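Given next are the chains, with one letter for each unit.
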Amino acid sequence: ELKVEQNPLFLSMQEGKNYTIYCNYSTTSDRLYWYRQDPGKSLESLFVLLSNGAVKQEGRLMASLDTKARLSTLHITAAVHDLSATYFCAVVDDSWGKLQFGAGTQVVVTP
Amino acid sequence: NAGVTQTPKFQVLKTGQSMTLQCAQDMNHNSMYWYRQDPGMGLRLIYYSASEGTTDKGEVPNGYNVSRLNKREFSLRLESAAPSQTSVYFCASSGMGGVTSYEQYFGPGTRLTVT
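Chains as they are written, first to last, in this note's numbering: chain R, 18 to 128; chain Y, 45 to 159.
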């Protein structure tokens, strides 16, 4: 059974500082997804990582994938309030595209 | 191009009542999914449909039924609602093949309260 673990589950950030969210998974997979969810809203796709060593960047967010270590990281550079949200990673669980989601990391950015 | 739509957005039911949550996508995706989201529990898969005409149980299927009406539509039915089914329900869809295979696109959600 595929398990996806995120840590930390809650992250209080100070504006201007850098932070990292970790996503570990238990079986081999070469596809990993990061989503963002604002309070009361739906999930929005952030990054699709499709191979070992993949790195994607969008603004202050950068995601990377190490399939050998079964680890993805989401790095936040110089946090700003607008990045307050819950971030989920998800890994493909079967050949039909079923995803297994991590529990989510709630991020709160304060001045 | 509306993406994934869900109706209703909000619903309050009494214990024992039944209802159907509707979901439709206009992206020509093969696969569709129903999730529930509860505080502190992340997303849990209820049912999914890998293609038109097929459905499979997910992690928490008890108390729910689904119908894949056609390629566009996937409905979730609560036959006899219970307070434990109070949750936010999300529908999602994904395609196959190509660079963005399996990336799931989510609907806006339905907030259901069962009293």
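By construction, these hints were calculated from the structure, which means they are not laboratory data. Quick caveat: nothing in here was measured; it's all calculated off a predicted structure. Glycine included, every Cβ here is placed at the ideal spot set by N, Cα and C. Check each hint, because a few of them may be wrong.
Stated by the list, open to error - Straight-line Cα separation of at most 30 angstroms, DSBU-like style, residue types lysine-lysine; simulated pairs: (1) R/K115 with Y/K101; (2) R/K73 with R/K58; (3) R/K73 with R/K20; (4) Y/K53 with R/K58; (5) R/K115 with Y/K115.
Claimed, not checked - Distance ranges between label pairs, derived from CB positions: (6) Y/N109 with R/T94: 30 to 36 angstroms; (7) R/L19 with Y/M71: 23 to 29 angstroms; (8) R/S29 with Y/T59: 17 to 23 angstroms; (9) Y/S124 with R/E32: 25 to 31 angstroms; (10) Y/Q66 with R/P128: 27 to 33 angstroms; (11) Y/G47 with R/G57: 15 to 21 angstroms; (12) R/Q31 with Y/E117: 32 to 38 angstroms; (13) Y/N109 with R/A95: 44 to 50 angstroms; (14) R/S46 with Y/N114: 38 to 44 angstroms; (15) Y/G47 with R/L67: 19 to 25 angstroms; (16) Y/G47 with R/L26: 25 to 31 angstroms.
Hint check results:
1. With a CA separation close to 11 angstroms, the supplied pair R/K115 and Y/K101 stays within the 30 angstroms bound.
2. For the proposed pair R/K73 and R/K58, the alpha carbon gap of about 24 angstroms is at most 30 angstroms, so the pair holds.
3. For a cut-off of 30 angstroms, the pair hint linking R/K73 to R/K20 stands: about 23 angstroms separates their Cα positions.
4. The suggested pairing of Y/K53 with R/K58 holds, with an alpha-carbon distance near 11 angstroms, which does not exceed 30 angstroms.
5. A C-alpha spacing of about 17 angstroms is found between R/K115 and Y/K115, which places the hinted pair at or below 30 angstroms, so the restraint holds.
6. Look at Y/N109 against R/T94: about 46 angstroms separates their beta carbons, and that is not inside 30 to 36 angstroms.
7. At roughly 25 angstroms, the beta-carbon separation of R/L19 and Y/M71 lies within the given 23 to 29 angstroms, and the hint holds.
8. For R/S29 and Y/T59, the Cβ-Cβ distance of about 39 angstroms falls outside the hinted range of 17 to 23 angstroms, so the restraint is violated.
9. In this structure the hint that Y/S124 and R/E32 lie 25 to 31 angstroms apart at CB is violated, the actual value being about 49 angstroms.
10. Under the hint 27 to 33 angstroms, the C-beta atoms of Y/Q66 and R/P128, about 43 angstroms apart, miss the expected range.
11. With their beta carbons about 18 angstroms apart, Y/G47 and R/G57 fall inside the hinted range of 15 to 21 angstroms.
12. For the pair R/Q31 and Y/E117, the supplied restraint of 32 to 38 angstroms is violated, since their beta-carbon distance comes to about 46 angstroms.
13. Range check, Y/N109 to R/A95: about 48 angstroms between beta-carbon atoms, so the 44 to 50 angstroms window is met.
14. At roughly 31 angstroms, the beta carbons of R/S46 and Y/N114 sit outside the given window of 38 to 44 angstroms.
15. At roughly 22 angstroms, the beta carbons of Y/G47 and R/L67 sit within the given window of 19 to 25 angstroms.
16. Between Y/G47 and R/L26 the C-beta distance comes to about 29 angstroms, which sits within the given range of 25 to 31 angstroms.
The structure does not agree with the numbered hints 6, 8, 9, 10, 12 and 14 stated previously, though it agrees with the rest.
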